[in-house]
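*Asks:* Listed here are the chains, written in short residue letters.
Protein chains: 2
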Amino acid sequence: MEFQAVKGTRDFYPEQMALRNWLTETWRRVSIRNGFVEFDAPIIEYLDLFRVKSGDEIVSQLFSFTDRGGRELALRPEITPTLARMVNARIHSLPRPIKWFSIPRLFRAENPQRGRLREFFQWNVDIIGSGETLADAECIFTAVDLLAEVGLTPQDVAVRIGSRPLTVAALRRVGVQEAGMEAALAALDKRPNLSAEDFARLAAEAGIAPEGLAQLCAFQDAGDLQAAAEALGGGKEVEEETAKLRALMEQLGHMGAGEYCRLDLRIVRGLAYYTGVVYEIHDAGGRLRAIAGGGRYDNLLEVLGGPEVGATGFGMGDVVLTILLAEKHKLPDVSARLDCFVVSAAPGLGPAVLEVVGALRRRGVVADYSFKRTSLSRQLKEANRRRADYAVIVRADGLAVKDLRTGQQREVCREELLADPGRHLS
Amino acid sequence: MEFQAVKGTRDFYPEQMALRNWLTETWRRVSIRNGFVEFDAPIIEYLDLFRVKSGDEIVSQLFSFTDRGGRELALRPEITPTLARMVNARIHSLPRPIKWFSIPRLFRAENPQRGRLREFFQWNVDIIGSGETLADAECIFTAVDLLAEVGLTPQDVAVRIGSRPLTVAALRRVGVQEAGMEAALAALDKRPNLSAEDFARLAAEAGIAPEGLAQLCAFQDAGDLQAAAEALGGGKEVEEETAKLRALMEQLGHMGAGEYCRLDLRIVRGLAYYTGVVYEIHDAGGRLRAIAGGGRYDNLLEVLGGPEVGATGFGMGDVVLTILLAEKHKLPDVSARLDCFVVSAAPGLGPAVLEVVGALRRRGVVADYSFKRTSLSRQLKEANRRRADYAVIVRADGLAVKDLRTGQQREVCREELLADPGRHLS
Chain A
1 MEFQAVKGTR DFYPEQMALR NWLTETWRRV SIRNGFVEFD APIIEYLDLF RVKSGDEIVS
61 QLFSFTDRGG RELALRPEIT PTLARMVNAR IHSLPRPIKW FSIPRLFRAE NPQRGRLREF
121 FQWNVDIIGS GETLADAECI FTAVDLLAEV GLTPQDVAVR IGSRPLTVAA LRRVGVQEAG
181 MEAALAALDK RPNLSAEDFA RLAAEAGIAP EGLAQLCAFQ DAGDLQAAAE ALGGGKEVEE
241 ETAKLRALME QLGHMGAGEY CRLDLRIVRG LAYYTGVVYE IHDAGGRLRA IAGGGRYDNL
301 LEVLGGPEVG ATGFGMGDVV LTILLAEKHK LPDVSARLDC FVVSAAPGLG PAVLEVVGAL
361 RRRGVVADYS FKRTSLSRQL KEANRRRADY AVIVRADGLA VKDLRTGQQR EVCREELLAD
421 PGRHLS
Chain B
1 MEFQAVKGTR DFYPEQMALR NWLTETWRRV SIRNGFVEFD APIIEYLDLF RVKSGDEIVS
61 QLFSFTDRGG RELALRPEIT PTLARMVNAR IHSLPRPIKW FSIPRLFRAE NPQRGRLREF
121 FQWNVDIIGS GETLADAECI FTAVDLLAEV GLTPQDVAVR IGSRPLTVAA LRRVGVQEAG
181 MEAALAALDK RPNLSAEDFA RLAAEAGIAP EGLAQLCAFQ DAGDLQAAAE ALGGGKEVEE
241 ETAKLRALME QLGHMGAGEY CRLDLRIVRG LAYYTGVVYE IHDAGGRLRA IAGGGRYDNL
301 LEVLGGPEVG ATGFGMGDVV LTILLAEKHK LPDVSARLDC FVVSAAPGLG PAVLEVVGAL
361 RRRGVVADYS FKRTSLSRQL KEANRRRADY AVIVRADGLA VKDLRTGQQR EVCREELLAD
421 PGRHLS
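Residue numbers (the numbering used here), protein chains in the order written: chain A, 1 to 426; chain B, 1 to 426.
Treat the hints with caution; some may be incorrect.
DSS-like, lysine-lysine: derived pairs with alpha carbons at most 27 angstroms apart [said to hold, decoys possible]: (1) B/K372 to A/K236; (2) B/K381 to B/K402; (3) B/K244 to A/K372; (4) B/K328 to B/K372; (5) B/K53 to A/K7; (6) A/K372 to B/K236.
Footprint (simulated), chain B over chain A, 3 or more residues, beta carbon under 8 angstroms [what the hints assert, rightly or not]: (7) 6-12; (8) 61-71; (9) 85-94; (10) 226-237; (11) 246-260; (12) 264-276.
Derived by calculation from the structure, the hints in this document are not laboratory data.
Just so you know, these numbers come straight off a predicted model, no measurement behind them.
All C-beta atoms in this analysis are idealised placements derived from N, C-alpha and C, irrespective of residue type, glycine included.
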């Protein structure tokens, strides 16, 4: 009878867990210093919450089941619908802007692929209650702050920033109607991964007339906002949206994130609900899946029964980021260490060892000892294996502290050690 | 269209999330200082993993579903089978004793009650690879270290320690056969919550002969090990087991946890898999469900396909502990604070504010600012609402730092502030 982890999920042995904790803590620290507060929610939600946001097709992409009361439940595949549900429930009492982050565990009932698992973690950073481009800049800056914090430079990664309204304008201009917009956006979203021929085929399937393709590509491939606006033939809405993008890029520049960010109108995002700026973070080589993706979604709270309110944010998964950090040798050494390992120098000192261990731990010292009554040298060997900085040696007539990195050893008075362990064990 | 959280689950708004993080971090810190390392595993496991450990009846108590490949999966209701699975997979390479902790999110398909939810967190502390009572003492000490750390005293809580082998011996002595042992243990486990009459009825249903009840209760109610051994009529196994319990209590005393711990042979634990010492932590009044429960389970790894190896540990849920801490006013103030709020003293300084905010955050300062261009006094009001310690005031001709707790304000050179923000903002 041998059991394994379910395919597409991960066991976190202590070495993997330490890395996961490092990443989680880094996400948390960066979020907090950018003025966000953390929330979370149940992993189980009513299936309808996801249906309302994403339509019936989502059902095949998530784990769902029925509880004993006959209710259809699902494991959350993303946190945004939950965020909207929670904010809607307190929309009149929460001071705005609402700056929330979360590090949810998420589930997808898909076949696992490189960079895409069935169970994973995703850092989510959102601002609700502001329509200002400053709120978009704030989210993007927070993502960049994280990238810099983990040692990724503008040579390693880039935030590629596009515009949903400009993309929609470009599609309208080549004759795509409202009813066909979602399919057309989904096709455009795939363009960067397709050859020109394959894209042309997909675009035709999605109802984009072949004679519009060149114009569409001219817009998407525009090197700057001026060229993009010209490709769209100008007009009030185009001017407004390009002005917003220009302001956003300036704000990111002021905050010191400009080097990481660049305009890229090929960024579309597959999901239907974006209403403004959209962006993805990619490795510079573009070999991996997106590290993060996000944008403005001003309608979602309303769709879920709340008011019309500005909302913007992104999600960054743990899987692709960790692959990139491993490739770049940017993962830290997170091996477990002990402050000290308490050893006995002679038989019969077990109770004294326990007293010292208990007292040190209660004072916050990371301390351990051997359950086995072995020789002093074997205990010191275990101390080294456990990566203890110090050994505290318990003798019949007192204590000694040995620095295991230098080999230096000296007597200490027991009361002094316990009164101020930090002074003797550092 | 209004959505709510699924019954028996919890939304963690920022104030609840901060408390959850505080508890999680405290569990983690106490585990680490006691020499444990953290692991985790998927929330989804093969249903059979739980069936093998707990039998078919477990299936109705957990959330299960079938994936697209037709595999029966379940949301974990506990982490111990997963722990055994993971340790078994590396049993030959992991140095022993294996001291692991985990803070898993767990799920039960039950009707929620006070102190018992369908989704919750549970701190698990386990030692595998040691049959010594020191390993049991180590786990219990770690639990006590946590209780003391969160401010609970021996007047608030107690670790009540029983013995599965002595309880089994007592049941054998009154005629219970191996085949009836599990049912008899389950009945005894319920005794503390029942009247004498109700217990007698339940015991009869579980196959305990009425004439044995007085003897059984005399054993369970024994005030010390001597009396318990006498109630069992002595014998080699009884002597060995009482000697182990005595050693355990002494070890806990040496470590400084004695005041929290007491012998209580009415502690049985419902689960079949315990093989040695068993214990529960209860509030002193005994009004709430158990705060924690655990014991020795030397057979579990073998049942799950591994070797016969000593194993011991406990689980402590977040729900009952949090109820008790709230009642005792021991929950800390975890409201979010900012190190500083950056405000502009005049229109047109938006870019300068963004520059200062970005630079401070990159240096680790928890900094925020207002998206709205409002008056200085309104911005300072927002700084106070956000609980900022300082306001950094951006003027056309330089910066000032205002201590929002004292009202003191002084000019600072921008370069100096950014070079060493800690000196100016603390």
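*Asks:* Compare the structure with each hint and give your call.
*Replies:* Here's how the hints hold up against the structure:
1. Restraint check for B/K372 and A/K236: the C-alpha separation of about 25 angstroms stays at or below 27 angstroms, so the hint holds.
2. The suggested pairing of B/K381 with B/K402 holds, with an alpha-carbon distance near 13 angstroms, which does not exceed 27 angstroms.
3. Among the hinted pairs, B/K244 with A/K372 is consistent with the structure: their alpha-carbon atoms are about 16 angstroms apart, no more than 27 angstroms.
4. A threshold of 27 angstroms between alpha carbons decides the hint, and for B/K328 with B/K372 the separation of about 42 angstroms lies outside it, so the pair is violated.
5. Using a Cα cut-off of 27 angstroms, the hinted pair B/K53 and A/K7 holds, with the two alpha carbons roughly 21 angstroms apart.
6. Using a Cα cut-off of 27 angstroms, the hinted pair A/K372 and B/K236 holds, with the two alpha carbons roughly 25 angstroms apart.
7. Proximity of the segment 6-12 of chain A to chain B, defined as three or more residues with a beta carbon under 8 angstroms from a beta carbon of that chain, is established by the 5 residues found.
8. For a cut-off of 8 angstroms, the count of residues in the segment 61-71 of chain A with a CB near a CB of chain B stands at 6, and the three-residue condition holds.
9. Remark: the segment 85-94 of chain A is confirmed as covered by chain B, as 5 of its residues place a Cβ nearer than 8 angstroms to a Cβ of that chain, reaching the required three.
10. Residues of the segment 226-237 of chain A lying with their CB closer than 8 angstroms to a CB of chain B number 0, which falls below the three-residue condition for coverage.
11. Evaluation of the coverage hint for the segment 246-260 of chain A: fulfilled, as 6 residues show C-beta separations to chain B shorter than 8 angstroms, against a requirement of three.
12. Using a Cβ-Cβ cut-off of 8 angstroms, 0 residues of the segment 264-276 of chain A lie near chain B, which falls short of the minimum of three, so the contact claim is violated.
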